[in-house]
Amino acid sequence: MEGDKIINETNNTVYNPATGETHTLSDWSYNYEDRSYTVTTESGDTITVTYGDENVVIKEGDTIYNIYYLVDGSGSETPGPGPDVCDHSWTETGRTDPTCTTPGKVTSTCSKCSQTKTDPIPATGHSWVVDRTVQTTYDEQGNLLQQGYTIYSCTVCGEQYKDMEGAGPPGPEEEKSIWEKLGDLIGSGFGGIIEIIEAILGKILDALTSLVDMIMDKFKGIVESILTIFDELPALFGGFLDFLGAIFPFLPPEITTILTFGVIAITFIGILKAVRR
66 MEGDKIINET NNTVYNPATG ETHTLSDWSY NYEDRSYTVT TESGDTITVT YGDENVVIKE
126 GDTIYNIYYL VDGSGSETPG PGPDVCDHSW TETGRTDPTC TTPGKVTSTC SKCSQTKTDP
186 IPATGHSWVV DRTVQTTYDE QGNLLQQGYT IYSCTVCGEQ YKDMEGAGPP GPEEEKSIWE
246 KLGDLIGSGF GGIIEIIEAI LGKILDALTS LVDMIMDKFK GIVESILTIF DELPALFGGF
306 LDFLGAIFPF LPPEITTILT FGVIAITFIG ILKAVRR
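Read left to right, the sequence shown gives residues 66 to 342 (the numbering used here).
A hint or two may mislead.
[Said to hold, decoys possible] Computed cross-link-like contacts, DSSO-like style, restricted to lysine-lysine with a CA-CA straight-line distance of at most 30 angstroms:
1) LYS182 - LYS268
2) LYS182 - LYS170
3) LYS124 - LYS70
4) LYS70 - LYS227
5) LYS268 - LYS227
Derived by calculation from the structure, the hints in this document are not laboratory data.
Required output: the full structure, derived from the provided sequences and hints.
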């Protein structure tokens, strides 16, 4: 006898193995302290079903029935273990073999009570071997030509791992929580963004450095040209300036102002011509 066949909460029925009668329930309640159901049938009768360790007690009115548990396949009506106690006899009924990185599982079924269970099988992990090694090389000035590395290959699945640090291949990884995986994803994306920004800034700084060098070269040439003009001014305007210096005291203020701005304008035009060379 199976205890769950007496009270069926899904179908709302109560079954008495002693009488073979099944009644439809209109109401029921369960007491966890003494493990008993109190049910009311559609005909209005009250039935109490109490689960013990070795038997079930069914009370219908003044009649009491003791229904003892039987273990399937025992061939005996001697009281046996309760419905929650089974000396399971497990038989493997399904298997998913693990891979290097993915866990497997094995499904077993009890031949006595048909209960099933699933047990995980850990991932086997990679079986690494050295595929090839490249040595670090330098030129005669000590500049790096080739960074060394080692390629490892898994003899089971063929996956490869490139070791640039000389730390060897990675060991088996423990299963990470969803938050750890999310953190790895964010960290990986953030690291990639930082690398892109660094590359862009590096290019911008290189271009700005070249531009500054070019501007400084041009500016240096302009300054040298202007200094040359100032070196030539005494030779070009020496006689004229001597003449102006002699007559300035006798000229009206208006003429003096015009001549002064004229000399300044001529000098400025000379500088512009030097700059445009």
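Exercise. Provide an ascending list of the numbers of those earlier hints which the structure does not satisfy.
Key: As far as the earlier hints go, 1, 4 are violated by this structure, in ascending order.
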